[in-house]
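Q: Sequence:
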Amino acid sequence: MRKTLSIMAMSTLLTLGLSNNALAADSSGEKSGAFVGVHGGVSLFGIGVYVDNKALDDQGYQMVRIDKANIATFNVGLNVGYQYFFIPIVGIRGYLGYDFNGNRLFFSETPTDQELHTSFQNITFNVDALINFLNTGNFTLGAYVGFGLGYGITGLTGSKSGIDEFKSQQYNGFNIPINVGIAATFASSHKVEIGAKIQTLAAGYNIKERIGTIEFLMNTHVINVGYSYIF
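Positions -24 to -1, 1 to 207 (mature numbering (1 follows the signal peptide of the UniProt record, and there is no 0)) are the ones given, in order, by the sequence shown.
Source of the hints: derived by calculation from the structure; they are not laboratory data. Treat the hints with care, since some could be wrong.
To be verified - Distance windows between CB atoms, simulated:
no.: 1; residue 1: 174; residue 2: 107; range: 41 to 49 Å
no.: 2; residue 1: 160; residue 2: 56; range: 18 to 26 Å
no.: 3; residue 1: 117; residue 2: 24; range: 32 to 40 Å
Stated by the list, open to error - The calculated lysine-lysine pairs, modelled on DSS-like cross-linking and capped at a C-alpha distance of 30 Å, are:
no.: 4; residue 1: 136; residue 2: 7
no.: 5; residue 1: 136; residue 2: 184
no.: 6; residue 1: 143; residue 2: 184
Only a predicted model underlies this, so the values are computations on that prediction, with no experimental measurement involved. By construction, the Cβ of each residue, glycine as well, lies at the ideal position given by its N, Cα and C atoms.
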């Protein structure tokens, strides 16, 4: 009986010791503060085409090839914001972001061989929840998930007639990307992230045609690597 009680007491002390060490590690977690960052990666740039909210089946466009596939282009951008940790493992951040997604083919006209290309710039205000599941003295590993409210700007190059046609149409730049990724922080100030931005509500053009209202939606799904400095 005495031996059993001794073992139980030692186990309790060991458990308390490990818990205290974990709390001590957590207390040295990532700091709150303003940050500025840059990122770069790949944009899977697709163009969704819909007629009266249904996917276009190319009827009525025999002379125009609309490239709807996801095309891999480059993505670069920057973020400026502030992060705050309620406890060492749970925090939140808000930031203003800018993204530039590289040029891709929009459509081409068969008779004239004229092409129209587009790029996409996006300015967003973002809110992310931060969870750090590993905190040590000089290293933090965690994840984030959140969303942004953005306004996108398209850049059109190519045939003048095609550019004029789209510039005369109704444009809605508002979009909502979902942010998700993992992050590692070194020496409390240097953060490296691998993340993705997934478009839900996309920006695009509305055009009235004989077959109905046509929507051209800019779907930019981004995978990137970023660096931020926390002040």
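Q: Check whether the Cα positions of residue 136 and residue 184 lie no farther apart than 30 Å.
A: Cα-Cα ~20 Å, so holds.
Q: Using the C-beta atoms of residue 160 and residue 56, is the stated range 18 to 26 Å upheld?
A: This hint holds: roughly 20 Å between Cβ atoms.
Q: Does residue 184 sit within 30 Å of residue 143, going by the straight-line distance between their CA atoms?
A: 13 Å, holds
Q: State, for the Cβ atoms of residue 117 and residue 24, whether the hinted interval 32 to 40 Å holds or is violated.
A: Hint holds: Cβ distance 36 Å, inside 32 to 40 Å.
Q: Taking only the CA atoms, is the gap from residue 136 to residue 7 under or equal to 30 Å?
A: With a Cα-Cα distance of about 52 Å, the restraint between residue 136 and residue 7 is violated, given a limit of 30 Å.
Q: Lying within 41 to 49 Å: is that true of the beta-carbon distance residue 174 to residue 107?
A: The hint (41 to 49 Å, Cβ to Cβ) is violated, given that residue 174 and residue 107 are roughly 19 Å apart.
Hint violations for this structure: numbers 1, 4, all remaining hints satisfied.
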